[in-house]
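J.: Chain residues, written in single-letter form:
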Amino acid sequence: MSDQIRCPMCGKPNPADAEVCRYCHARLKPIQPGDLPQPKPTGALEAMLPPWIRELRAESEMEEETLPLPGEKTEADGSEGAFPEGESASPEPDADDPLAALWAEEEEDEDLPDWLKSLGTEEEASAVAALAEEQAAPSAGEPPEAAEPKGAAEEEESALPDWLAGEQSAAEAEEAVLPDWLAEGVVAEPAGEPAEAAAPKGAAEEEENALPDGSVGAYQPPLVEAPSESLSASPFVESEELAEALLGETPDWLQMLAPEEESASGEKSPAEEEVAQPLTEGELPSWLEALRPVAAATSVLATDEEEPVETQGPLAGLRGVIAPPTLTTLRPGKVGVLGGKLKLSDEEERQARILQDLIAESSRPLPPSSLPDKKEQKVLRWSVGLLMLLAAFLPFFLPFLRAPLPRRVLPAAIAAQRLIDDVPQGAPVLVAVDYSPAFSAEMEAAAAPLVTDLLAKHARIVAVSTQPTGPDLISHFFAALGSDYRESEHYLNLGYLSGGTAGLYAFARHPRLVFGYAAGHDRIWNTSFLSTIHTAADFSLVLVITEDPETARAWVEQVRPALGEHTPLLMVISTQAEPLVEPYYETASQQVGGIVTGIVGGLAYEAIRGRPLTAAAQAQWGAYSNIALMGLMIIAGAGLVNLVLGWRERRNAPTLPQDEDLDDEEA
Amino acid sequence: MKAPVATAVAMAVGIVVLVGYFIPLSIFTGLRMLLLQWAIILAGAALFVGMVNLSQHHWARIRARRGVGSAWLVFSLWATFFITFYFAPASLPTRWLFDAILLPASVALLGVLAVSLTVAAVRLPRRRPGLFTILFLTTTVLILLGSIGIPGVGSLPFVSNLLRPWLAQVPAAAGARGILLGVALGTVATGLRILLGSDRPYSE
Chain A
57 MSDQIRCPMC GKPNPADAEV CRYCHARLKP IQPGDLPQPK PTGALEAMLP PWIRELRAES
117 EMEEETLPLP GEKTEADGSE GAFPEGESAS PEPDADDPLA ALWAEEEEDE DLPDWLKSLG
177 TEEEASAVAA LAEEQAAPSA GEPPEAAEPK GAAEEEESAL PDWLAGEQSA AEAEEAVLPD
237 WLAEGVVAEP AGEPAEAAAP KGAAEEEENA LPDGSVGAYQ PPLVEAPSES LSASPFVESE
297 ELAEALLGET PDWLQMLAPE EESASGEKSP AEEEVAQPLT EGELPSWLEA LRPVAAATSV
357 LATDEEEPVE TQGPLAGLRG VIAPPTLTTL RPGKVGVLGG KLKLSDEEER QARILQDLIA
417 ESSRPLPPSS LPDKKEQKVL RWSVGLLMLL AAFLPFFLPF LRAPLPRRVL PAAIAAQRLI
477 DDVPQGAPVL VAVDYSPAFS AEMEAAAAPL VTDLLAKHAR IVAVSTQPTG PDLISHFFAA
537 LGSDYRESEH YLNLGYLSGG TAGLYAFARH PRLVFGYAAG HDRIWNTSFL STIHTAADFS
597 LVLVITEDPE TARAWVEQVR PALGEHTPLL MVISTQAEPL VEPYYETASQ QVGGIVTGIV
657 GGLAYEAIRG RPLTAAAQAQ WGAYSNIALM GLMIIAGAGL VNLVLGWRER RNAPTLPQDE
717 DLDDEEA
Chain B
297 MKAPVATAVA MAVGIVVLVG YFIPLSIFTG LRMLLLQWAI ILAGAALFVG MVNLSQHHWA
357 RIRARRGVGS AWLVFSLWAT FFITFYFAPA SLPTRWLFDA ILLPASVALL GVLAVSLTVA
417 AVRLPRRRPG LFTILFLTTT VLILLGSIGI PGVGSLPFVS NLLRPWLAQV PAAAGARGIL
477 LGVALGTVAT GLRILLGSDR PYSE
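Here the protein sequences come in this chain order: A and B. Start counting the first sequence at 57; every next residue gets the next number (our numbering). Start counting the second sequence at 297; every next residue gets the next number (our numbering).
One should not assume that every hint holds.
Label pairs and their computed distance ranges (CB to CB) [to be verified]:
#1 B:Ala470 - A:Glu405: 57 to 65 Å
#2 A:Asp402 - B:Phe428: 45 to 53 Å
#3 B:Leu327 - A:Glu621: 43 to 51 Å
#4 B:Gly474 - A:Ala671: 38 to 46 Å
#5 A:Leu445 - B:Gly363: 30 to 38 Å
#6 B:Ala356 - A:Gly538: 45 to 53 Å
#7 A:Pro480 - B:Gly363: 52 to 60 Å
#8 B:Phe428 - A:Asp413: 30 to 38 Å
#9 A:Gln646 - B:Thr325: 54 to 62 Å
#10 B:Gly365 - A:Pro460: 45 to 53 Å
#11 B:Met347 - A:Arg568: 44 to 52 Å
To spell it out: a stretch of chain A is covered by chain B in this simulated footprint if at least three of its residues, at any positions, have a beta carbon under 8 Å from a beta carbon of chain B; those stretches are [said to hold, decoys possible]:
#12 401-412
#13 437-451
#14 475-484
#15 492-500
#16 522-531
#17 627-635
#18 672-681
Hint data in this document are derived by calculation from the structure and do not stem from the laboratory. Note that CB positions come from ideal geometry on N, CA and C, so glycine has one too.
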């Protein structure tokens, strides 16, 4: 991975020699202060130039064709000695020599017209000045005397290459041909004045004086010392006297705007002093430093010396620009007020207030009125329970409150009655007592008429259960039918069938393998109940009594296929299982031959048989109906009141952000 | 190494039982019945293992002096076990335990459930007033109204003969059939996942 570098902006890997990121096009190699732009071929951009520039370029090329080449010795251009002897006119740029790049750039600029060249002279002069200053800057080991501006200026002057000396002589020659009115304006440096005195009163100060006060404070370009006297003769760097000479008398309004104390005292303003000081790498000017919003947060951050220096990207060389995400630099405590006052419009302030109100509203706790307290819940539970008990026992004392018996005709119950009638006398019948003890009241009431009919036919009833409490449940069921029915005489209790659906599947096909033993019986398969049974299909009828839809489904899926066509499957189910079991009866194949559903189904079966209901059955039906009616009235009445109250509370409750909105905010 | 062996055994057993359904060869059917017998015995033994596990859990609570109920539970559990084991499941002492303790307690809990459901139905519109709440409560009222006999009136003709059967056999049965189909598809998918070894509920 050493041949790759990561983009400081997007973090993706790039080749080590890439200058810009191939993903986000951010610069990978930072531009250090002092770097010079490298010449790039711009031939492909020629076609994009507007026609007037191309015409100007063509004219300048025609003019240059008539002029001598830079390498030729002419007396007019004054460029004699610009190239050392023995070198060609277009030397190859040397990598070690920074001036070589300038040479190459100048060759590139040969194609430019004169007026564009004159525009570039100031930038070139600044670049050359910076380079000269770098060369003249004292090294770390040198004494401070060596960095005296005057000495540096002299050294620079003496160290100028020949071509720059030629430029200087050309400037002097131009000055010589200036008209008188213009020559007077040109400020010639006094012979004995040191270079450091000329440098502060250079271009920056002159421009400051020429600008209004406000503009001076807004922008103060960082300047470097003028490298030589020849460069100070640029047409854009003139003295105050020259400006006055050129522009004439300053108008009154401009004089009023000019800084009087500066002109009067001659002292340097702080901005001017700052301009006079050269900037080093990674240092921001004060006016830019003042704009940084992190200034007020420095109280909670570490000092500048502790903060890292950016090494990549456009912020390279700056210190403490991006706070490092380490806890060591953060100190607990109150965050200081950020510096700088935001200038907000009225609309922005109004929106900010709305946002503040929303935040304050969301953190406000909900009113607890929507949640009933425990006392209210307890009163409600006791009230409902007492009302239901009252509804159950009241018909015993008030006969007019007894509910009439249902007169519904249920097709599934009629089918069940036919299946019971089809059972031959003394035939083996399998009865699955597969309900939980809690539902014993409903299940026994529903299944009792059917089992009684089977017992009346002397059917050899074999009882089994997939419930762990099955053996006792079977005994309880037959005991509830009457004391006349005894185990091993009227029915056989096989007990608990373990294994769930697997046990049912195995029992339906090989019951002798599953049940080799039954409680209280040594050889159950030799008894009259099971002597003829080898599979479940040998039973004449399979009756399943259950309240659980899953249990009913297990019997239908695991046992019904093994029964064949001659052994029907009949079910007695609870009311709660009716919707899930009814589809097995209503299909064309009728996997379930008949269904008796709950107390109503048992009563309907009795009504089909034409038998008079017992007093216990009537009391059971009355209690069931009255409790259900009481529950119905409670749900309808109190539910309606609560519905209105709930709507009112929701309408008056403060609106809260929905869960989706909260998720979005968290995301 | 434990999980791959368990996975291979489970897949092999499942495939053998499944093949026995479709190919009526005696070797497959015999092997299938043998495996099913093992499953039945293991399921019965699992109940005993569950008893021991439950006792261990509550015994730890007893030693930590954190529950009188745990002590009562452990005592009742093992007393019932030994009584049933000694006297046989359908004997008189076992019948007494069932008739006098288990059955009344179960029925009482179901009665309390009826009261709790009624209270919940009363509180529901206040907590969540909305269209589905109204629909739920309306359906409940109509089903109850069609299932009972009102004193002095009897069964309501339209509600008990038409509306209540329609609700139970059309919308409710339609939903129930959808559930059954979903259960069947889920069972097939679960079986395939176990047969292919992608689902290993038996491995740790």
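J.: Please flag the earlier hints that this structure goes against, numbers listed from lowest up.
T.: 3, 9, 11, 12 and 14
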